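Chemist: So the chains spell out like this:
2 protein chains.
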Amino acid sequence: MSSDKLHETLLPKRIALPIFASDALSSVAYAPDEIFLTLGMAGGTLALTHSWMIALAVVFVMLVVVASYRQNVHAYPSGGGDYEVATVNLGPRAGLMVASALLVDYVLTVAVSISSGIQNAATALGFIRGHEAAYAVALVVLLTAMNLRGVRESGNAFALPTYAFMLGVIGMGAVGAFRHFRGTLPNAESADFELVAEHGYESLGGLALAFLLLRAFSSGCAALTGVEAISNGVPAFQKPKSKNAATTLLMMGLIAITMLLSMISLARWTGVKFADDEAVQLLREGVPVGDSYVQDPVMGQVAKAVFSDFHAGVVFISIVTGIILILAANTAFNGFPVLGSILARDGFLPRQLHSRGDRLAFSNGILILASAAALLIVIFDADVTRLIQLYIVGVFVSFTLSQIGMVRHWNGLLRLERDPRERARMIRSRVINTIGAAMSGTVLVVVLATKFIHGAGYAIAAMAVIYLIMTAINKHYAMVAKELEVVDATAQLLPARVHAIVLVSKLHKPTLRALAYARATRPQSLEALTVNVDPEETRELQEEWEARAIPVTLKALDSPYREITNPIVNYVKGMRRESPREIVVVYIPEYVVGHWWEQLLHNQSALRLRARLHFTPGVMVASVPWQLRSSEGQEDRLDSGAVPGSVRMGQ
Amino acid sequence: MSSDKLHETLLPKRIALPIFASDALSSVAYAPDEIFLTLGMAGGTLALTHSWMIALAVVFVMLVVVASYRQNVHAYPSGGGDYEVATVNLGPRAGLMVASALLVDYVLTVAVSISSGIQNAATALGFIRGHEAAYAVALVVLLTAMNLRGVRESGNAFALPTYAFMLGVIGMGAVGAFRHFRGTLPNAESADFELVAEHGYESLGGLALAFLLLRAFSSGCAALTGVEAISNGVPAFQKPKSKNAATTLLMMGLIAITMLLSMISLARWTGVKFADDEAVQLLREGVPVGDSYVQDPVMGQVAKAVFSDFHAGVVFISIVTGIILILAANTAFNGFPVLGSILARDGFLPRQLHSRGDRLAFSNGILILASAAALLIVIFDADVTRLIQLYIVGVFVSFTLSQIGMVRHWNGLLRLERDPRERARMIRSRVINTIGAAMSGTVLVVVLATKFIHGAGYAIAAMAVIYLIMTAINKHYAMVAKELEVVDATAQLLPARVHAIVLVSKLHKPTLRALAYARATRPQSLEALTVNVDPEETRELQEEWEARAIPVTLKALDSPYREITNPIVNYVKGMRRESPREIVVVYIPEYVVGHWWEQLLHNQSALRLRARLHFTPGVMVASVPWQLRSSEGQEDRLDSGAVPGSVRMGQ
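Just so you know, the sequences run in chain order V and F.
Using my numbering, you'd call the opening residue of the first sequence number 1 and step up by one each time.
Using my numbering, you'd call the opening residue of the second sequence number 1 and step up by one each time.
Chain V on its own, in the form it takes in the complex (with noise of 0.2 Å):
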């Protein structure tokens, strides 16, 4: 398990960036699209004027964050996710409004990078358009086909595509504006296009301007998507950990800042124009571009102005763009199946989550993720606008639960804490979470207001189901967990005497072997039972046993109804009846077999049997295997999550 690697090897911040830094950084390549967007519903001058002033703000809440989760890093050292931050400081409530909203989250981290990787590609490779949605499935097999062989990658698998990324764009940024200051930088394709209003937003009005405002910045809080990664991972980081990790976060948040600017800027300089709705809204002279005009992502579209002479920096920012999304992807590939275990260690979820080592629970949370993303990007058609509509909401439940988490953790320590420097630092800690819950809280508020029904409301749906849902499983397990708790000795009694019954349909191997196993465990009574569904076949036995002198008694059940389970279940409910303090061992022979396709070949009437005694008290089943030589050398597949040979009445 990758997270178990992480805490082996502990990583130097240089490759600790990388690692938890790219799901960070990829937002910013859509996060300007969805601000430039939102901004050009109201028309070409809204995204002129103000898109700045979303950036800022945007960039400021970034400034914030960072510094909250900074404080998580220190108070956490162990690696305080916001589930445990808030579970351990707001109580279990608290902790599953966080998990519903961080699955929800890493299904949509998926489809929206994923889809945002296949636009970002299809600026290279054209073919890929119009089938956006059928690659970006593809895409998430593909994932989900590597995660599932386990192939993980190393630290310097992050590191390089994530570093070239970074020189990638910042590199475009400075090239871009010595361009710029030389007065060298061509404009945009999309720079000539009129820009006009989506219909219904043509002239806003001042309460009206300001909600699309806050609409565009909580679109462009998509850049904040990732921030918290870190904080789950300060176990993996180098001695000093808790420092280290808080370096490497103000790192991030700088570059992430860096990158989001520096694109900002490129767009207006270049006078990209991005619309919602571009076959309507762009005006080529004066009429409207129509669907035969595709727009490229911002990101795209800059690169092809900057490099306009150096086609392959073109081509080498939409590759790193599309790697980078990639494993922005993979990061929820990993962080799903970990808080799936994490939830089903704490019984709120079904315990085949809960690793255990057991290969097959992380595999199983990794399907549930990418069917539910792959469902999403179909849903969807793969747009990322409509995508992000629902993304945000998740991170800022979890940002500002987590926040709240931490002030009540500092009032904890406050109350016990005596030394006055300790005292100031914490409360400066606090002051900083504080102001970190206020922030989230309110963006948190806004995208609910701004995109509520844009989107938003089903993420919250969505929480809600899985909240629901959580909270029955976990009422189920305590249930259970009392039912069976241990109240008396009365559990211990020894049973009086052992009834042995040994099922027979045919006389080979299997049923020799069960008969002498079965003789060998010296019960009180032994016999051997058959049921009569063909008169000719049953004497045929009786004959073969009369013939073989075998020295237990073989008794056949009548079958009205020419069916073997009802006459055997009942036969041994009668036993029971008459000595209910004695138990009975019911000895099915059985066979396994190697390949799945064999199983298909035997019926499971020995599955189905043992089934239905289950529900009788007092009664075990004993199967006794034989081994079919097809079975030889099949052991090992088991473990790899293949179907377990077969075992069912010899016959």
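Think of the hints as simulated: they come from the structure by calculation, not from any bench.
This one's a predicted model, so the numbers in the text were calculated from it and none came from an experiment.
Everything hinted at is true.
Any copy will do: because identical chains look the same in the list, a pair fits if it lies in one copy or spans two.
Taking lysine to aspartate or glutamate and the EDC-like style, the derived pairs with C-alpha atoms no more than 16 Å apart in a straight line are:
hint : residue 1 : residue 2
1    : Lys506    : Glu485
2    : Lys555    : Glu527
3    : Lys475    : Glu598
4    : Lys509    : Glu485
5    : Lys509    : Asp488
6    : Lys555    : Glu537
7    : Lys506    : Glu544
8    : Lys506    : Glu543
9    : Lys573    : Glu632
10   : Lys509    : Glu483
11   : Lys506    : Glu483
12   : Lys555    : Asp534
13   : Lys475    : Asp346
14   : Lys506    : Asp534
15   : Lys304    : Asp192
16   : Lys506    : Glu546
Position chain F against the provided structure of chain V, taking the given hints into account.
Modeler: Frame of chain V, contents of chain F only:
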């Protein structure tokens, strides 16, 4: 099972007829269409000149086939289905060929009947048009549900619609004839169209023309499908079984012929123009009618003409036709699982398909049939004409082989029979069956020759694949049986000692019960085993173990990779290595839940562990179930094919 039910209550001829005839009679709903549109490929004249000839040829084949099957009925009063007849007289290979053909045919019966039913229904219910495939699949799903729920029609449920259909069609023939000779029979809506040849068929030479006629003939032979049904059902008849069955068969044949001929004559009198590619081939005042024109089935067009002044008649015809076609499809839902069960009994199909009163058996068959049929309907877009191309091959493969088998049958009897009168009758029968074999063989060749490229090839391929799969399955069962055969008495040797191991994950009631049961079997050695995944948990467990003074030593296995299966399996294998002549019994405390969703909440480590342990010889796994309250009263749900109550390691 309806098959059983039929055997319980013996049927009078008047009930047996509709039960067995629905399939055969229903084909009159689509056979004429196929004749006309195939002839129509060469333009309007051919249908006028030759449709009679084709019809008479089909009638002739029908008479021969009926005569031949009357011999089967006499020879096999036990109900000699084609599969039995071929197997008994020509050996398993031939039997298997017949079986493959029949399996494919059952699927096609469903696909063709339902599709045709939908097309006819569309005559009255316009809204179906354009969504035929969807409605057809829905209908298949409905039939599947009914058959899964065990809703089988009583004889009367069959009788009513079948007689209504006979009455409808023959009545329509009478009315039509009356109006025709009175000169008051109006033309069909399509009569005024000009029917031009399909591209490539404009001016056919003698040979090509003959070929087209043969093709029309083989399409028309669709009318013969289902004639063999009665030969399977002889035991269901009242005494004298064979005689009554033979009479019923004859009646059925005559009725089918009457209906076919009246449909053909009505179509000719009303001047129905029926085209393969109506949009292009039908001209209204010299211009193709185009896609807007919907071509009703011949049945519908004729009805509209005959009942021009009596709309209720049209509706009646279209309804009874729809119902009879659904009944025809339903016969396949009874026949397919029965044949599957017979083949499973003979070891050619997975044993799950062999009933032994196990309800799941038939459900499996029904589901396989339904999904295959639905797939075909979707692939061929519920287009009867294209499905027909695949249809008739199988029928004639089994006709031919079964008839050849009958000839063999008589040869065998004649070798022994001395009584001249008996011999005379046998020789007569043999002559008839020989003609039948020759005839259906010829038709089979014609069908293959004329339809192979049009789809019959697929049917052949499907049969071949099924044939190969069935032989492979048979080989496998034989191999297993051989491997399990008892050759010497070594299998009876008693193991020297019994080592018992009780697996413990928590100390709760299921664990204590498992311990008690294990102790009750008085093994030579007994120990409790837990896996040290979480040192914390393990220590708690050990302390509680001490506190409760449990008289069994608890051993904790280390698990470097934090997983449970391997340490246990390796430990057990170790014990085995030390003392191969002794057996190990592993007691697993499991518990039983009532609802499927509860299973999802309990990890399956016990199941996986058992599966793994089964691969180690000399190890017996005893599951000690603990019944949770939620499991009470849930036992019966198992029989209804619901998921069996989950068994899992208590924790």
